[in-house]
Amino acid sequence: MSFWRKFACVALVLVLGASVAANWLAPASYAKQFRDATNAAPSRAHWLGTDEIGRDRFARVLYGTRISLLLAPAAALLSTLMAALIGGLAGYLGGVWARMAMALTDLFLSLPWLFLLITARALMPLNVSPLVSVLVTFLLLGLLGWTAAARVLCTTAGALRTSDFVRQARAVGLPGQRLFWVHVVPNLKPVLYAQFWISIPVFILSEANLGILGLGVAEPMPSWGSLLKELEGLVSVGEEPWKFLPLILLVVVVTSFQLLLSKQEELPA
Amino acid sequence: MRSLRWKIAGHGLALVATVLLGGFLSATLVRLAPGFDVDERELDPHLNAQSVQALRDARHQDRNVFKFYFSYMNRAAHGDLGTSLALGQPVRTLLRDRAPLTMRLLTMGLGLAWLLTLTLALSAAWLRLSVYDTVTTVVSGTFLCLPAAVLALLSVLWNVPGSLAIALIVFPHTYRYARNLLVKAYSRPHIITARAKGLGEARILFWHVLPVVTPQLLAVAGVSVSLAVGAAIPVEALCGLAGIGQLAWQAALARDLPLLVNITILVTLVTLLANSGADVIGHVVRGQEA
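Protein sequences appear in the order of chains A and B. If you read the first sequence in my numbering, its first letter stands for residue 30, the second for the next number, and so on. If you read the second sequence in my numbering, its first letter stands for residue 3, the second for the next number, and so on.
Heads up, a few of these hints could be off.
[What the hints assert, rightly or not] One side of the interface only, derived from the structure: several residues of chain A facing chain B at Cβ under 10 Å:
(1) 153
(2) 181
(3) 279
(4) 286
[As the list claims (entries may be wrong)] Derived DEER-like restraints, expressed as beta-carbon distance ranges:
(5) 36(A) with 163(B): 29 to 37 Å
(6) 164(A) with 45(B): 26 to 34 Å
(7) 38(A) with 87(B): 46 to 54 Å
Quick caveat, the hints were computed from the structure, so don't treat them as lab data. Note that the structure is predicted; figures quoted are calculated from it, not measured. All C-beta atoms, glycine included, are put in the ideal place defined by N, C-alpha and C.
Let the hints inform the model, and build the full structure from the sequences given.
Okay, here's the thing in structure tokens:
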């Protein structure tokens, strides 16, 4: 394992560990308001200061990281499963099914990702409870993010369908369902794993974009997107640099994922 | 020539099919969206029971998804894209007023992104210095890890034009492909031989490298239009630019579904046209090369 991959692993473990331990590390709840200390600068009591309604920023960053980091993989899992079901099955069946699946993915892929997301998000009610808004945001990511993966899986399953071992199994008289679940799906696993890991940073960035645009996780629930919305009020970059911590964490996490996903030989050692 | 005609006809057919299917999906989503049956005008105390009933009857016609879709497509075919619920203006007028700014922003953003992409990718392929390659990869990788909306916010903070923000959102995606394509092209045996024989760099580039990579670069250019259109939402929304991206954002916040659906279909058309155009030009280039 190269130095950069080890670095990425350590960074991810640290950030994930801190967010999981938010209940113990955070000085207060993410929603608790210190009304006598609104917009406070960093201090011993509030390491990253407080926001405009007096909530401890450090606590919000920890809890927000937990939400973004735990739910993005959940959305990635959902999208990968959908891709496996739609793309894998269509590729395995071939013919008109594969063409229909490809046409559907083409339709989805012809729409810019952010346009698709905000259109779908607008179809859902916006004035929902914070918990529902978290579920809606990440469910949308999972339900809409399967198309690119489905294309890859459709092609892979199509190649497997015409491979020698599948033909032999079919010639022996193995039923189609058993052939798919026992012989085709296990061979799709490497592609599925790759698609799952690729989706996580994409969903983290998408949630951040939605949050900044006010279409993501609702207040008072924190997420990286809603925390980054605070940057909107800045007048200059050097004014309150501690407000950039969520952005730094996001960049570190997404970069770590990219480093882990990229080929080892491409990385500068 | 015949294959080109078939290609164009195929793309045209795909375009029409996508718009029809996209329109149907959008109309269905609008119809099934929570709150479709609710009209806040019913709460107006000035309306009597008959007026309220008339409003309900008018909405009743839209209950069937297929009827709703056909009436929507029929009106759209006659140039009536409906009225924005939030802004109270015809959608067509809104789109016409805001399209020029978005077009300018996208053209400049894409131009800058490709200028940056080709300059850095070509120099990476020419220089073949691992330090330079690492620096450019790290720079593009960093931009790739930043959400588009953050780049838009930073462009406001640093007071740089929105087109630069779009360029910096698109550039890391295009740079990766362009660099890989050019490095691969420059490591081909006939180009190494041409270099060894002392052929000028410009001649190698224009006669041996570009003809090989142009069709693939054109395909990436088609995809980059889609990326730029997507980037227009956060850039216009956060930089206060009154374009179609900002309109889409406002429509999403106000749940103005008729406006949003029309913008979505328009955007799908633009991206499909860009991709089809890139594919057709790539086909022509490949044909000339053959």
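Quick rundown of the hints versus the structure:
1. For residue 153(A), the shortest C-beta to C-beta distance to chain B is roughly 7 Å, which falls under 10 Å, so the interface hint holds.
2. Look at residue 181(A): its Cβ only gets to about 16 Å from chain B, farther than 10 Å, so that hint breaks.
3. Using the Cβ-Cβ criterion of 10 Å, the hint placing residue 279(A) at the interface with chain B is satisfied: the shortest such distance is roughly 7 Å.
4. Because the closest C-beta pair between residue 286(A) and chain B is about 9 Å apart, less than 10 Å, the hint holds.
5. Residue 36(A) and residue 163(B) have their C-beta atoms about 36 Å apart, which keeps the hinted 29 to 37 Å range intact.
6. Residue 164(A) and residue 45(B) have their C-beta atoms about 30 Å apart, which keeps the hinted 26 to 34 Å range intact.
7. Look at residue 38(A) against residue 87(B): about 50 Å separates their beta carbons, and that is inside 46 to 54 Å.
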